[in-house]
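Number of protein chains: 2
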Amino acid sequence: MAIPKDSRITLDAEEMPRKWYNLAADMPDLAPPLNPSTREPVKPEDFKPIFCNAIVEQEGSKKRFIDIPEEVRDNLVFLNRPAPLQRAYHLEKILKTPARIYFKREDMSPLGSHKGNTALAQAYYNAEEGIHTLTTETGAGQWGTALAMVSNLFDIDTTVFMVKGSYNQKPLRKTLMHMYGAKVHASPSTVTEFGRKVLSTNPDTSGSLGIAISEACEVAMKDDNTCYSLGSVLNHVMLHQTVIGQETLEQMRIGEIEPDYMIACVGGGSNFAGFTFPMMYEKMKERSKCEIIAVEPEAAPSLTEGEMRYDYGDTGGMTPLLMMYTLGSEFIPKSIHAGGLRYHGMSPLVSAAYDNGMLTAVSYDQLQTFEAGVMFAKAEGIVPAPESCHAVKAAIDKALECKVTGEEKTIVFCLSGHGLVDLYGYDQYMEGTMQSSSI
Amino acid sequence: MAIPKDSRITLDAEEMPRKWYNLAADMPDLAPPLNPSTREPVKPEDFKPIFCNAIVEQEGSKKRFIDIPEEVRDNLVFLNRPAPLQRAYHLEKILKTPARIYFKREDMSPLGSHKGNTALAQAYYNAEEGIHTLTTETGAGQWGTALAMVSNLFDIDTTVFMVKGSYNQKPLRKTLMHMYGAKVHASPSTVTEFGRKVLSTNPDTSGSLGIAISEACEVAMKDDNTCYSLGSVLNHVMLHQTVIGQETLEQMRIGEIEPDYMIACVGGGSNFAGFTFPMMYEKMKERSKCEIIAVEPEAAPSLTEGEMRYDYGDTGGMTPLLMMYTLGSEFIPKSIHAGGLRYHGMSPLVSAAYDNGMLTAVSYDQLQTFEAGVMFAKAEGIVPAPESCHAVKAAIDKALECKVTGEEKTIVFCLSGHGLVDLYGYDQYMEGTMQSSSI
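Same order as they appear, the protein sequences are chains X and F. According to the working numbering, the first sequence is numbered sequentially starting from 16. According to the working numbering, the second sequence is numbered sequentially starting from 16.
No wet-lab data here; the hints were simulated from the structure. Warning: the hint list may mix true and false statements.
The list cannot tell twin chains apart, which means a pair is met if one copy fits it or any two copies do.
Said to hold, decoys possible - Using 25 Å as the maximum straight-line C-alpha spacing, the simulated DSS-like pairs for lysine-lysine come out as follows: (1) K393 x K198; (2) K108 x K198; (3) K300 x K77.
Pulled out of the complex, with its shape left as it was, chain X reads as follows:
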């Protein structure tokens, strides 16, 4: 089949953005995080035991554009940035839709996902301040892998607390982190006081992200040259991911693409924010009427079913209180393959944007998302990550709506990663043994 010449828009390395876009600058009413003890707004000092100075400053910054350090920009090349914007021409043909479908290729990173964009910036700032070790938690393993890989480039050691259930179920993710030189502990572990406390009362627990966060923070707090690193939720993480959306805007300008919809999956919010925040700024400037859609799993529907209120970021109630859409910090999502979307809350910035009517949200059962993922893989040759399948599903649904109405709309979605390290889910789907994920 002949394919059109505009099927893939690439950028040169020099065309990568030079600044990150900070949505907080355009959210004057953003509610601050609260200290869990005093219920007062957290002060920068409150964050300093776990984050380096530059990160603390970015977390509270209201500056609209923040320079990307040249060394971070240079190293983004190692994540295969700039990433192409590609047309899903074969998918359009299979769907028989008049819509045009484009997707941003975060699958091109050697890590297989977008997670490296913030890992790189965080490792850089910590290295600049002489931090020798970063600690973090990981659920499915993507984030821990990204931080381990990227910290390496800056000669920083990484200690990862991996939720015990995943640690046992996903030995190959652990292998990958070991290859990158990280220490990996099954959480709860015996290396922290908190871990030992949990194990003493519940020795057989399979752990949770909340417990792993507490362990990672405890290690960071006890050593001046060790900091903690988070892969989603917080403002500085959203900020670093905006390279995705800025590249996409530039590619749409080059390709004369005016999107009617921009679509991304949401868990903690980092992929969604990175892809859509720069477009939100365009909308505020009335330079686009694009509808922005967040796609979440029915198993963790914080936007569509949660409520906007102060809640803890972890299960144990040790983090600051964040104003966000939440299902409650005690909520344990069903086990789904899209592990990266299994979070009880939502980034405060994404939550505020949602509250301000800047996006709509939709949720799907995982069976529907895998069906869409298989259709996409067959059409375009790329296996989407289970998380990305959510965006694929919403894009297909919009394209099918166009088929009914006959409208030639333009749909642009973010393929947050590939699924080659997580083929187990597809295996279950193809064998017909996958469970529905509805609450």
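On the provided structure of chain X, position chain F as indicated by the hints.
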């Protein structure tokens, strides 16, 4: 760490080669394949029951440059071509070598390896001639996956005979082929006469590539609209892969890189040929003095331990006799993770070039290659396929030689693919349970 601006040389889509280079044009004494019954040179008609006309013509062609059809060229974009040439700057630093190390990134394909380059061309020619089904064999699964994915783009069905041992050990490769819509049979199967015959005498066999080839050919021979497709060894496959080496030459020209060594792994020969044949032409024209090195596993050392003679391409002795370096068609290599290099013979073109002194060859134990692969992954963030680890190991060895001599040599190797679907091998290596693969 600051990295130099020349760390990654990319090409635009328009800069992709427009012609394949055919080494057969420059090998006047190339011995023809023989008909196994008559021992006479095979005639084009002998191939026609299994291959379409265009492929038969290319297989016997002595034309030096062959046009790449525009539709094939356009679709190479789906394999993320052109692929970058990247400098292994971090690896150089770790090795403390004065050598410069570059690698060609065949890992960027959504398939994770170079195999799509010929799959695409073969699917195109077969589709043009109205073939509705392609059959093939696959061992580890890379080739079957590539053909299944790419055939899809041309609305061709694929039937894959997968060696039963791999079929049972690598269920996720099967999942991937199913997702791309292929029929996958564990070989020996009950769907062919040959398969049933093998099963009747040896019901518990785990199969072999030779048996799978025979089954795939049998199905192709029985239907006029079904053809067979091979992923390595034959001349037309080497031809299609030369996009790799031609892109690399262009990138080296742009980057003013004059290689002292070009290094690639060899099994059947397709990655090696694709990467180095265009450079062999440069050497014939005396435009380069680059040394070309083929790296094979000690478990299947056809170049370093085999002999140049006529031998069968399969174990059952059903294919034409090929003049090649061979360990004997009855030779069963040890089970190694680099399944793509487990072949008793060597491409006749690579064999002829070796016989003419145009390359040198070296072999390694798989433990050595995984050690190199882990070092590379840690340095550059990319996990090499077990096959590619062979090239990585040889590149590291040359770089360490330079450390001793102080010579600032330039080493360029081919990273034939990534290892994210084959992390089991790395898991064994990291856990210390991997076996040596020496004969």
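Evaluation of the provided hints:
In this assembly of identical chains, the alpha carbons of K393 and K198 lie at most 25 Å apart only when taken from different copies (14 Å versus 37 Å within one copy). Taking the closest pair of Cα atoms, K108 and K198 come within 25 Å of each other only across two copies (23 Å); inside a single copy the shortest separation is 47 Å, beyond that limit. Taking the closest pair of Cα atoms, K300 and K77 come within 25 Å of each other only inside a single copy of the chain (18 Å); across copies the shortest separation is 62 Å, beyond that limit.
In this structure, none of the earlier numbered hints is contradicted; all agree with it.
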